[in-house]
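Heads up: the sequence lines are chains A and B, in that order. Numbering-wise (this note's numbering), the first sequence opens with residue 1 and increments by one. Numbering-wise (this note's numbering), the second sequence opens with residue 1 and increments by one.
Where hints are given, some of them may not hold.
Said to hold, decoys possible - One side only, chain B facing chain A, incomplete, derived with CB under 10 Å:
#, residue
1, 15
2, 21
3, 28
4, 58
5, 87
6, 110
7, 112
8, 113
9, 138
10, 140
11, 179
Stated by the list, open to error - DSSO-like mimics (lysine-lysine), calculated; alpha carbons at most 27 Å apart, straight line:
#, chain 1, residue 1, chain 2, residue 2
12, A, 389, A, 343
13, A, 280, A, 320
14, A, 424, A, 343
15, B, 6, A, 166
16, A, 12, A, 256
17, B, 128, A, 320
Unchecked claim - The following label-pair restraints were derived from C-beta to C-beta distances:
#, chain 1, residue 1, chain 2, residue 2, range
18, B, 135, A, 335, 32 to 40 Å
19, B, 6, A, 375, 43 to 51 Å
20, A, 283, B, 161, 51 to 59 Å
21, A, 250, B, 6, 52 to 60 Å
22, B, 196, A, 77, 47 to 55 Å
23, B, 172, A, 253, 36 to 44 Å
24, A, 93, B, 184, 21 to 29 Å
25, A, 252, B, 189, 50 to 58 Å
26, B, 52, A, 51, 53 to 61 Å
27, B, 123, A, 24, 22 to 30 Å
Source of the hints: derived by calculation from the structure; they are not laboratory data. C-beta atoms are modelled at their ideal positions from N, C-alpha and C, and glycine is treated no differently.
The residues making up each chain are set out below.
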Amino acid sequence: MSERKPRTLFDKIWDAHVVETLPDGTALLYIDLHLTHEVTTPQAFDGLRAAGRKVRRPEATLAVVDHNIATDESRRTGITDPESRLQVETLERNVREFGVPYIPLLDERQGIVHVIGPELGRSLPGMTIVCGDSHTSTHGALGALAFGIGTSEVEHVLATQTLLQKPARNMRVLVEGNLAFGCTAKDIILAIIGRIGTAGGTGHVIEYAGDAIRALDMAGRMTVCNMSIEAGARAGMIAPDETTFEYIRRTPFGPKGEQLERALAWWRTLPSDPGARFDKEVRLAAHEIAPQITWGTNPEAVVPITGTVPDPEDEPDEAKRAQMRRMLDYMGLTPGQRLTDLKVDVVFIGSCTNSRIEDIRAAAAIARGRKVAEGVRAMVVPGSGLVKKQAEAEGLDRILREAGFEWREPGCSMCLGMNPDKLKPGQRCASTSNRNFEGRQGPGGRTHLVSPAMAAAAAIAGRFVDVRDYQPREAL
Amino acid sequence: MQPFTKLTGIAAPLPRANVDTDQIIPARFLKAITRQGFGRHLFANFRYREDGSENPDFVLNQEPYRRAEILIAFENFGCGSSREHAPWALLDFGIRCVIAPSFADIFHNNCFKNGILPVRLPREVCEKLMEDARMGGNARLTVDLERQVVVRPNGEEIPFEVDPLRRHLLLNGLDDIGQTLQHAAAIDAFEARQRAQQPWLYA
Numbered sequence: 001m002s003e004r005k006p007r008t009l010f011d012k013i014w015d016a017h018v019v020e021t022l023p024d025g026t027a028l029l030y031i032d033l034h035l036t037h038e039v040t041t042p043q044a045f046d047g048l049r050a051a052g053r054k055v056r057r058p059e060a061t062l063a064v065v066d067h068n069i070a071t072d073e074s075r076r077t078g079i080t081d082p083e084s085r086l087q088v089e090t091l092e093r094n095v096r097e098f099g100v101p102y103i104p105l106l107d108e109r110q111g112i113v114h115v116i117g118p119e120l121g122r123s124l125p126g127m128t129i130v131c132g133d134s135h136t137s138t139h140g141a142l143g144a145l146a147f148g149i150g151t152s153e154v155e156h157v158l159a160t161q162t163l164l165q166k167p168a169r170n171m172r173v174l175v176e177g178n179l180a181f182g183c184t185a186k187d188i189i190l191a192i193i194g195r196i197g198t199a200g201g202t203g204h205v206i207e208y209a210g211d212a213i214r215a216l217d218m219a220g221r222m223t224v225c226n227m228s229i230e231a232g233a234r235a236g237m238i239a240p241d242e243t244t245f246e247y248i249r250r251t252p253f254g255p256k257g258e259q260l261e262r263a264l265a266w267w268r269t270l271p272s273d274p275g276a277r278f279d280k281e282v283r284l285a286a287h288e289i290a291p292q293i294t295w296g297t298n299p300e301a302v303v304p305i306t307g308t309v310p311d312p313e314d315e316p317d318e319a320k321r322a323q324m325r326r327m328l329d330y331m332g333l334t335p336g337q338r339l340t341d342l343k344v345d346v347v348f349i350g351s352c353t354n355s356r357i358e359d360i361r362a363a364a365a366i367a368r369g370r371k372v373a374e375g376v377r378a379m380v381v382p383g384s385g386l387v388k389k390q391a392e393a394e395g396l397d398r399i400l401r402e403a404g405f406e407w408r409e410p411g412c413s414m415c416l417g418m419n420p421d422k423l424k425p426g427q428r429c430a431s432t433s434n435r436n437f438e439g440r441q442g443p444g445g446r447t448h449l450v451s452p453a454m455a456a457a458a459a460i461a462g463r464f465v466d467v468r469d470y471q472p473r474e475a476l
Numbered sequence: 001m002q003p004f005t006k007l008t009g010i011a012a013p014l015p016r017a018n019v020d021t022d023q024i025i026p027a028r029f030l031k032a033i034t035r036q037g038f039g040r041h042l043f044a045n046f047r048y049r050e051d052g053s054e055n056p057d058f059v060l061n062q063e064p065y066r067r068a069e070i071l072i073a074f075e076n077f078g079c080g081s082s083r084e085h086a087p088w089a090l091l092d093f094g095i096r097c098v099i100a101p102s103f104a105d106i107f108h109n110n111c112f113k114n115g116i117l118p119v120r121l122p123r124e125v126c127e128k129l130m131e132d133a134r135m136g137g138n139a140r141l142t143v144d145l146e147r148q149v150v151v152r153p154n155g156e157e158i159p160f161e162v163d164p165l166r167r168h169l170l171l172n173g174l175d176d177i178g179q180t181l182q183h184a185a186a187i188d189a190f191e192a193r194q195r196a197q198q199p200w201l202y203a
């Protein structure tokens with residue numbers, strides 16, 4: 001038998017899903033799981049209806065509402081915003097008409113699509129997973145090939161269960177050694193984006209590897225893969241291992257019994273072969289990563305919390321200098337300013353990046369026995385109803401409420417300001433979400449991306465602090 | 001989808017890198033359930049002031065750029081979310097072509113699905129085109145997809161690359177679902193094979 005060329009994790013999943021290769025090299029790629037939500041699907045279902053087409057595999061599709069729903073008690077009495085209500089009602093009508101499984105707003109399993117897919121055991125290793133949402137890269141944490149698509153492609157997948165795709169290039173990011181005390185998965189991914197830039201991964205699928213990645217729990221791995229798109233990558237992924245398999249065993253819909261044994265046998269063959277070729281490779285030393293904070297209006301504008309706001313005059317490239325000046329102006333910052341001198345108005349702990357039970361535990365550990373600073377509005381928005389239930393069973397909601405945090409219902413919330421949770425112009429926010437773009441959390445809002453522990457510490461101090469100086473008062 | 005063959009029109013200069021999809025269309029405008037009407041929200045945070053009035057400093061509020069059909073920008077245009085509302089907003093405003101040194105992958109893909117041609121050209125070429133665009137109504141650019149050239153107002157022709165399959169679909173205004181459905185037998189065969197090998201995906 002001839003030796004097979006060593007392949008990467010991405011190559012193996014890709015090869016296993018090519019239905020046909022067209023003459024120009026474009027592949028017809030089979031899609032195993034299609035996640036859908038209210039914002040990017042109405043026009044796709046309309047397209048199906050207009051062409052008289054059906055959903056090819058409704059059972060390989062899952063719908064949930066997450067983006068524009070209220071995250072307070074008002075959701076129980078109906079959606080007040082008429083446009084949001086119409087969008088949710090449209091999804092409900094579409095899933096009924098096309099027979100797509102749906103998790104309604106008041107179901108305890110409802111939540112952010114990228115939290116519930118893994119949590120329910122619908123997202124599995126070796127799968128191809130798509131969703132009309134760029135943060136679909138999150139599911140790569142399980143060892144799946146998962147990426148965001150536009151609405152035309154949503155329609156294409158609904159109708160054909162496939163996509164026309166050109167293969168991506170392979171990139172590996174190795175994070176070696178041990179993460180220092182007080183540093184988290186969020187700090188790893190922000191440090192990576194700071195290094196490679198917002199377009200550093202364009203055209204590539206990033207595989208994250210190295211001891212520091214292996215040591216992460218599944219929530220941490222999802223945080224890392226989630227922000228792959230902020231580095232421009234098509235997808236991010238992490239090879240499945242015992243941590244992954246243990247996580248899947250605990251999910252309600254993951255394979256069981258003999259099915260699981262067969263699945264495990266295949267999943268164990270997925271990690272990249274020794275000698276597999278990567279088109280690009282980047283290495284980071286985990287112990288050099290400090291808690292990170294963004295200062296600008298894209299995620300590569302990031303520094304360690306011990307750092308200062310950079311000076312555009314130090315930037316040799318004129319276009320970049322101009323962009324930095326605009327960022328500083330928008331963010332209301334001056335060069336050389338210490339990040340720890342910045343006061344915060346709002347603290348948002350949530351989003352598909354950081355709203356899992358582990359994230360909420362980290363925030364509660366800092367909040368325990370302390371109070372949110374006066375004048376600061378702090379909110380915790382769990383990623384799903386199941387996360388919320390677990391947190392309440394552990395008493396985390398009580399700790400957070402006693403400290404003065406709002407404890408909300410699950411949804412995307414202030415990550416993108418589609419629902420009533422928005423920043424007012426000029427407000428400065430410590431946010432655990434993924435994008436600090438101009439106006440992302442509300443027009444004129446100023447977002448600083450940080451880890452959940454850093455966000456909780458900022459809420460208590462009323463300004464950004466180094467979480468390493470701000471450790472929990474007692475073990476949780 | 002409207003075919004794209006050759007376009008001659010006014011180009012608006014937007015000399016920024018990393019123009020993200022939240023700039024192109026902020027999330028609060030994504031609540032519509034049709035593809036139409038997003039043009040008035042294009043670049044809403046730049047185009048309108050807090051009281052809702054137009055910001056005269058923004059290029060698309062200036063003559064002749066209100067009628068722009070081409071947009072020139074810098075690196076990594078369209079980064080951020082997968083929202084197809086971004087190309088829908090550009091199209092609804094009247095923009096059929098974006099020229100930049102690089103594009104984010106999902107946005108680039110979404111353009112082709114909507115009859116918008118994204119053209120990648122080196123930074124220094126984009127800078128020249130930006131200068132042309134600043135001449136306003138006196139300087140129309142031509143983007144010829146058939147010949148794969150951008151023609152400057154001085155007649156200089158700049159060749160560009162485009163994926164042959166995408167070029168074919170765009171020139172003919174073809175929707176690719178119909179094409180893919182011609183492979184239905186291959187998809188059936190794939191599913192039968194996968195069901196036997198990975199039954200947990202069909203449980």
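Quick rundown of the hints versus the structure:
The beta carbon of residue 15 of chain B comes within 8 Å of a beta carbon in chain A, closer than 10 Å, and the hint placing it at the interface holds. With 10 Å as the threshold, the beta carbon of residue 21 of chain B comes within range of chain A, its nearest partner Cβ sitting at about 8 Å, so the hint holds. Restraint check, residue 28 of chain B versus chain A: the minimum CB separation of about 6 Å is within 10 Å; hint holds. At a threshold of 10 Å, the smallest CB-CB gap from residue 58 of chain B to chain A is about 13 Å, leaving the interface hint violated.
Proximity of residue 87 of chain B to chain A holds as hinted, the smallest CB-CB distance being about 8 Å (cut-off 10 Å). Look at residue 110 of chain B: its Cβ gets to within about 4 Å of chain A, closer than 10 Å, so that hint holds up. Evaluation of the residue 112 of chain B hint against chain A yields a held restraint, the C-beta minimum of about 9 Å falling below 10 Å. Hint status for residue 113 of chain B relative to chain A: holds, with the closest Cβ pair at about 4 Å, below 10 Å.
Among the interface hints, the one on residue 138 of chain B is violated; its C-beta lies about 26 Å from the nearest C-beta in chain A, farther than the 10 Å criterion. With a least beta-carbon distance of about 26 Å to chain A, the hint placing residue 140 of chain B at the interface is violated under the 10 Å criterion. Below 10 Å, beta-carbon pairs count as interface contacts, and residue 179 of chain B has one with chain A at about 8 Å; its hint therefore holds. Of the pairs offered as hints, the one joining residue 389 of chain A and residue 343 of chain A is violated, with about 32 Å between alpha carbons and a cut-off of 27 Å exceeded.
Between the alpha carbons of residue 280 of chain A and residue 320 of chain A the distance comes to roughly 24 Å, so the proposed pair stays at or under 27 Å and holds. At roughly 15 Å between alpha-carbon atoms, residue 424 of chain A and residue 343 of chain A fall within 27 Å of each other, so this suggested pair holds. Pair hint residue 6 of chain B plus residue 166 of chain A holds up; C-alpha atoms about 26 Å apart against a cutoff of 27 Å. Simply put, residue 12 of chain A and residue 256 of chain A have alpha-carbon atoms about 24 Å apart, close enough for the 27 Å limit, and the pair holds.
Of the supplied pair hints, the one linking residue 128 of chain B and residue 320 of chain A holds, its CA atoms being roughly 18 Å apart against a limit of 27 Å. Checking the proposed 32 to 40 Å range against residue 135 of chain B and residue 335 of chain A shows it holds: the Cβ atoms sit about 35 Å from each other. Judged by the Cβ atoms, the range 43 to 51 Å given for residue 6 of chain B and residue 375 of chain A is violated: they are separated by roughly 59 Å. Separated by about 32 Å at the C-beta atoms, residue 283 of chain A and residue 161 of chain B break the suggested range of 51 to 59 Å.
Judged by the Cβ atoms, the range 52 to 60 Å given for residue 250 of chain A and residue 6 of chain B holds: they are separated by roughly 58 Å. For residue 196 of chain B and residue 77 of chain A, the hinted distance range of 47 to 55 Å is satisfied, since their beta carbons lie about 49 Å from each other. With their beta carbons about 43 Å apart, residue 172 of chain B and residue 253 of chain A fall inside the hinted range of 36 to 44 Å. Remark: the range hint 21 to 29 Å for residue 93 of chain A to residue 184 of chain B is upheld by a beta-carbon distance near 27 Å.
The hint said 50 to 58 Å for the Cβ distance between residue 252 of chain A and residue 189 of chain B, and at roughly 32 Å that hint is violated. Our hint of 53 to 61 Å for residue 52 of chain B and residue 51 of chain A is violated, since their Cβ atoms are close to 38 Å apart. Distance hint check: the CB atoms of residue 123 of chain B and residue 24 of chain A are about 28 Å apart, consistent with the given range 22 to 30 Å.
Checked against the numbered hints given earlier, the structure breaks hints 4, 9, 10, 12, 19, 20, 25 and 26 and satisfies all the rest.
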